[in-house]
Every structure is written in structure tokens, then in C-alpha cells.
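Chain B: place on chain A using the hints.
Residue numbers (my numbering), protein chains in the order written: chain A, 1 to 569; chain B, 570 to 683.
Keep in mind the hints are simulated off the structure, nothing from the lab. Glycine included, each C-beta is placed from N, C-alpha and C at the ideal position. Careful, some of the hints might be misleading.
[What the hints assert, rightly or not] Some, not all, of what chain A presents toward chain B, calculated at C-beta under 7 Å:
no.	residue
1	Asp-172
2	Thr-180
3	Asp-183
4	Asn-293
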Amino acid sequence: MPLSNVKDDERKSRFGLRTLLDTSRLLIESHDIDFILNNLLLISMGKLMVNRAAILWFHPKKNVHTVRTFKGRHSLPDEVAIRREPFKKQATALCADHPELEHICKHGFELLIAIRNSERHLGFLALGPKMDRSQVTSEEVEVLESLVFMSAIAVSNSELVSELRSANRKLDYKIQELFTLFDLSKSFNASIDREEIKRIFKFTLLGQLFVRRFFLVTQRRGQPLVESQNGLGMELNRDQMQVLFELDRNIIMVDDGLRQKHPFLERAQIHLILKINNEGQEPAVIGLGKRANGVEFEQTDLNFLISLGNLALMSIQKTYLLEDQIEKERMEEELSIARAIQQRLLPDDPPETPNLEIAATNIPSYQVGGDYYDLISDDSRNLTMAIADVTGKGVPASLLMANLQSVLHILQPFEIGLVEATGQINSLIYQNTPSDKFISFFWGRYFHEKRKLRYVNAGHNPPLLFRRGSEPQQLSEGGVLLGAMPTMMPYKEQEVLLQKDDVIVMYTDGVTEAICGDEEYDEHRLIACVQKRLDQHPEEIMKAIIADVTAFCDNQFNDDLTLIVCKIV
Amino acid sequence: MSKFEIRKRSKSEVTILDIYGELDAHTAPTLENELKQLIEKNFVHIVVNGSGLEYISSAGLGVFMAYIEDIRSQDGDIKIASLKPKVFNVFDLLGFPTLYDIVENEEEAVTRFK
Numbered sequence: 001m002p003l004s005n006v007k008d009d010e011r012k013s014r015f016g017l018r019t020l021l022d023t024s025r026l027l028i029e030s031h032d033i034d035f036i037l038n039n040l041l042l043i044s045m046g047k048l049m050v051n052r053a054a055i056l057w058f059h060p061k062k063n064v065h066t067v068r069t070f071k072g073r074h075s076l077p078d079e080v081a082i083r084r085e086p087f088k089k090q091a092t093a094l095c096a097d098h099p100e101l102e103h104i105c106k107h108g109f110e111l112l113i114a115i116r117n118s119e120r121h122l123g124f125l126a127l128g129p130k131m132d133r134s135q136v137t138s139e140e141v142e143v144l145e146s147l148v149f150m151s152a153i154a155v156s157n158s159e160l161v162s163e164l165r166s167a168n169r170k171l172d173y174k175i176q177e178l179f180t181l182f183d184l185s186k187s188f189n190a191s192i193d194r195e196e197i198k199r200i201f202k203f204t205l206l207g208q209l210f211v212r213r214f215f216l217v218t219q220r221r222g223q224p225l226v227e228s229q230n231g232l233g234m235e236l237n238r239d240q241m242q243v244l245f246e247l248d249r250n251i252i253m254v255d256d257g258l259r260q261k262h263p264f265l266e267r268a269q270i271h272l273i274l275k276i277n278n279e280g281q282e283p284a285v286i287g288l289g290k291r292a293n294g295v296e297f298e299q300t301d302l303n304f305l306i307s308l309g310n311l312a313l314m315s316i317q318k319t320y321l322l323e324d325q326i327e328k329e330r331m332e333e334e335l336s337i338a339r340a341i342q343q344r345l346l347p348d349d350p351p352e353t354p355n356l357e358i359a360a361t362n363i364p365s366y367q368v369g370g371d372y373y374d375l376i377s378d379d380s381r382n383l384t385m386a387i388a389d390v391t392g393k394g395v396p397a398s399l400l401m402a403n404l405q406s407v408l409h410i411l412q413p414f415e416i417g418l419v420e421a422t423g424q425i426n427s428l429i430y431q432n433t434p435s436d437k438f439i440s441f442f443w444g445r446y447f448h449e450k451r452k453l454r455y456v457n458a459g460h461n462p463p464l465l466f467r468r469g470s471e472p473q474q475l476s477e478g479g480v481l482l483g484a485m486p487t488m489m490p491y492k493e494q495e496v497l498l499q500k501d502d503v504i505v506m507y508t509d510g511v512t513e514a515i516c517g518d519e520e521y522d523e524h525r526l527i528a529c530v531q532k533r534l535d536q537h538p539e540e541i542m543k544a545i546i547a548d549v550t551a552f553c554d555n556q557f558n559d560d561l562t563l564i565v566c567k568i569v
Numbered sequence: 570m571s572k573f574e575i576r577k578r579s580k581s582e583v584t585i586l587d588i589y590g591e592l593d594a595h596t597a598p599t600l601e602n603e604l605k606q607l608i609e610k611n612f613v614h615i616v617v618n619g620s621g622l623e624y625i626s627s628a629g630l631g632v633f634m635a636y637i638e639d640i641r642s643q644d645g646d647i648k649i650a651s652l653k654p655k656v657f658n659v660f661d662l663l664g665f666p667t668l669y670d671i672v673e674n675e676e677e678a679v680t681r682f683k
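For reference, chain B alone in the conformation it holds in the complex:
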């Protein structure tokens, strides 16, 4: 059984990635590949729904950093929603809120693209 999983959905123009489990150095490539594919297809309005995310390491956070420039240069963005408090704390400690939209829930994240 994989300890990290992504499910993909669409809401109007926005791609929603539901991520589950632990995002660390080993599972990072899964998210990386998903983001690469989205960028290639120019689906760059992305909401990451982290309600199922149990753990994130800094290598996991690195994936967000690695592709944000490409995504923003195509007028897109990654918005992060519904993080558990423990996971949000890691984002917060490392200063992600200054660089990313991190919001309470998915609806709000989707609205921010409008």
C-alpha cells in the first residue's frame, strides 16, 4: 500500500488535487509528476486539497516551490486548502503563507481564481 496518494478532480476551470497520506522525500515524485503533467497541458489553476494530508516534510514542501514559478509564469497558481492544523503549522513555520494562498477550505480556494 502506498503511503501517499493523489486523486484529481475538476471544478469549472480549476483542477483539484486531493492528496492523502505522507508527503516526504520518497513520495514527492508522485506529486511532482502530477504537477509536471498539469503544467504541460496548461492546466495551471490548481487547488491542492490537503484535508487527507497527514504529514509533510520539507522535501515535500520543496515540490510546491519547484513548480510555482512555471505555474505563475503561465498565469496560474497553486492554492492550498483544508490543511490539518499540524500540517499547517509546518507550512507556517517555514514561511509559506507569505508566498502562497493557504485558505480554510476548497470553496474559498476555488473562488480565489475567479
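In isolation and in its complexed conformation, chain A is listed as follows:
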């Protein structure tokens, strides 16, 4: 070999080495795949003096190559099928040597070098003919293969880096999402203002997900209710809300089928529907339009939305519960005021009446009740005693009781007989009450000088008259319950002559109907209790009855209890 040739070879080989060195430096620093491939094209073209080169990139799923980047003119189609058999043993193939690569030749490329890393085939470097038409030498192929090899490694590295970057970014996003949820749960917890909760919900949808168009429909006591909506350009009606609650899945991407079936989804441009089911609570439905940045919802977004929906729903329900609680407390407060008023309608201390000792009490089981008693003394110190029980309980009964009290006090001053007065009271009560409300009523007037009692019993549990040495007598003469029917027939009045030490016990059914198991306290227990104590003061007899009943029903009263006990002295 002539010396000049040896020198030339040396020069060329040094040139090859320098190229490789420069390239490797460049590649190590770069994480941009397009830059790497572009660089590979430029170096190869410069090195071989080729004016046409391309990177054909492999797509494993479709098993085709596409032109990823090129220099110079070419006529390759978008997708090229390349058989890879010629590259099994070597990286480089001259197209002319392989019939299956003939179509590459036709498009003006002579040489293909496979770009591959340790794991997979990435693509080909395709080179056109050298401008001086000379053959590609084996040294040149060697340099090219080295270049391709380094580039392949650089591509793999940068793929790895970009995967890491994207994983990092996803992680950052996830952390941001968590922060948002954390923030939200703090804000929601701190807030009892429903409007604020809805505002936070809205801004979070806007800020985190770019969702401008949305609705949040909840149920309150079984009724659907639009809690919040934005940008829909329409109001959802009841039927439409019902449709939403009847959807059979929890996450629904709205498709053409659903849009055709429910055109309002199209009109409101709803793209995604989420059902939110809080354990044991009424469900909610969230509808969302597309995102303002055009990005489709991904699984992580759905998870976020469901968490957001759950938080918002729970907080909204909490505000309702709180309101219910406040309302309940307000009602209870009103009731206790009503009770105080009602208690004032009852007499304070029994009026002093000659020849009579008397004790009376009313124990309501509810805050307000329907029992009533009264003790009214007239100018001659004769005493009117009344006891009554309004059907039903609570506020309606107490209203009727107040009505009876006022009627009784208005009638009192007029010296009309018990019979006429009872008839008038009945007419008034009949007019003032619905047909299913009655009052059982007993009243009597005690004339102290003659120790006699005149009474009318309008359907009340007969008061008991105890006289030493004889069976107790029921005071039952009178007529029907007050308020049951208009006064057609006058009530009957009865007069009883009393003796010293006679005891009369007037009571409401709270006494006799107090329950122990299946058994009622009943009249016979009342009689037995009183009979033993006829020598005691009425106050003591009354206390004994209450203690006996309380023990009998284990303090479980479910009705008002009223007692008047009097004794002739």
C-alpha cells in the first residue's frame, strides 16, 4: 500500500473518531429526541456526502414505519412497511442486495441502518446515494453504525427522562389535587353557610378542572332540588332531575344515545354525569360540561370529582341538618313558652271554701297538654270545680283547652244554672272544633252552707264519692261529651247531699289508663288507694295516688294526669 494511501486512511479514521466523540458529547447532554435524530441525519449526510436522508420511526402497534424526520427530497408515503429479516444478523443493509427492500430503492434510498436499543427496534436511518456515486465503504458503515448505536442509547435515555418528567408532573398534580381536597374539607367543615359551600364548589370546578358548565342536584326529603348550577342556559325541571336520579351507573359519559333519549342533556351541553352516594344519606347528581381547555376527563379527574362531590354533598347536608336542629330547638322553645302560658291558665292555690279541704294538680306528659281543671269561688264563697280532658295531645289539644278555659271564665260571673251553662259551652265548643275533637268535662258547684254539690258530667270519667262504711259512688249524671254534637237535649244536673268526711276524687284518664305491661291502673286500684286514706288530708290522699300511679307505670306516663281531691269538713 502506498504511503499516501496509508496517511489518507489514517486521516479518515481519525475524522471518524472525532465525529463519534463530538456526537457522543452532544448526545449525552441532550434529552430531546427530535434533536438527537436530527443530529444523526445531519452528521450522516455530512459524513457520507448524501443529500437525502430520513428517519423512519417504528410503530409497534401498527407494525409500520413512518417518516419521522427527513432532509432533502423524498417520495416516501406516510406509512412504509419494511420487512426486518435482512436486519437480523446485521444492523445495515444495502437495499439493492435485498429484493424485499426494493420498494425503498424506488423511493431513492440505498442504505438502511436499524436503530435499536437493547430492548427493541426503534426505526431506521435511511440514506440516499452518495453524491459522488461511490460505494459506501465498510469503514463508513462502521462509523454510521456507531453513530446510530449512540443515538439509540440517547433516545432511550431521553425517553426515560421524559417518562420520569411526566411521572413527576403527574405526581405534582396529584399532590396539588390532594392539597385542594384537604383545603376543601377544611373550608367545608368550617362553613355552615350553604351559599359559601356552593361558591367554593363552583370555584374549585372552575379552577381545578376548567369546568364552567355544571349542575349539582340533591334530594331533600325525597324531593329533587337544584342546589347549584352554572352556565347551563336553562333550568332543570322535576322530570329531568328525576331522569338523572334514575340513571343506572355512577359515572356516565354522555353519548349520542343518551342525548337522543334525553334532549335536555344536549341542550345543557352536559358531557359527564356523576352520581354521588353518601352512605345512608340522600344521593346527589353532578352534571358537567366539557373542560374549557378541551382536555378530556381522565380517571384521576373522575376520582377527584367524586371526592369533591362527596365533600360538598356532605357539607350541604350538614347545613340542612343544622337548620333542622335549630328549627326543632325553636319549636321546643315555643312549646315551653306555650306550656308556661298554659300552666298560668290553671288556678294557683285553691280558694278558701268553708267546710271544704281541697287539693288539685296537673302533670302534663307532653310539653303542652289537653287536661284542664279549675276552681272558681263566687261572691258567697261557693266553689265551682271543673275537670276536663281534650281528645288528642300537644298543641291542638292545648288550644282547645285554652278555649274551654276562657268560655268557662266568661260564663262564670253570670248566675245561670249549670244545665244551661253546660249547654252553651257545648254549643260553643261544637262550633269551634273539628268533628273529631271532643272534651270530656265534669263540673260541679259546691254550696258550703248546705254541704251540697250540684254537678253535670259531660262524658267524663265519673268522679268518685267516698263515704265511710259504703261503696264509692260514681258521679255520672249529665250528658254527652262537649263538642260531639249540637245541644239538642239539655244536660241533666244532679244534686248530692254531702256529709262530713266525705271524699270526692275527680281525675282524668291519665290516672286510670296509666300502663304497666298490658294492664291499666284502672278504677279499682284508684279506689283501693283512696279507701285506705279516707282519714287523711286531701293533699296527702292526692300525693298517695300520684305515688301509687307513678310506681305502677314505672314513671312512664303517656298522658296528662290531673286530680282534684276534696274533703267535706
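Below, chain B without anything else, positioned relative to chain A:
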């Protein structure tokens, strides 16, 4: 002491909002009201200078989203300038740069309106 504050300035046709502190669900209404008023008066060339913004939650970002349509429909815009890196990161993560002009400094933001 409020944890969020807005100061308003004007530079030629542009309204500059200097925002300080933490913009979250609770402080969002302050910015909301400010933007509403500007829209009402048709002062829709707005630069938000975020150099004093320490924290932003997604509800805070929601305020920007909530009014941008109104503002752009009046041929205006909100440009966001001088964000701290930590705050910018949140804007960036949620994809705001694709929808908003977010720039290095106030001067550049103002210039973009010209």
C-alpha cells in the same frame, strides 16, 4: 388582619391589581368583587401582579376562570405577571398557561395590551 389584600393602580388604559397574601376559598370573594366592579365599569384591560401572592388554591384559580369569558367578550383580558415560582407551579400544573397570558413581569403584561 386580612390574609389577602388587593391594591388597585392604573397604567394608561390598563388596570393593575396588586394582590398580596393567600388566595383561597375564603378570600376569593374579595378578588371576585373587584373583577365584577371592573367589568361593570368596562375596565377590562387587567393585569394581575402576583409578586405578593404567597399561596393560591384551586378555588382561587376558579375566580380567574369565572370572569374571563365576560372580560374577553368585552375585548379585554386578564394577564398575570410576576408570580413566585411556587405559585406559578400551581398555575402551570393545572394548565393555565394554555388559556392565559402568564408573563415574567408587569411591564411585559402591560405591553401585551398595546
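What hints, given by number in increasing order, does this structure fail?
As far as the earlier hints go, not one is violated by this structure.
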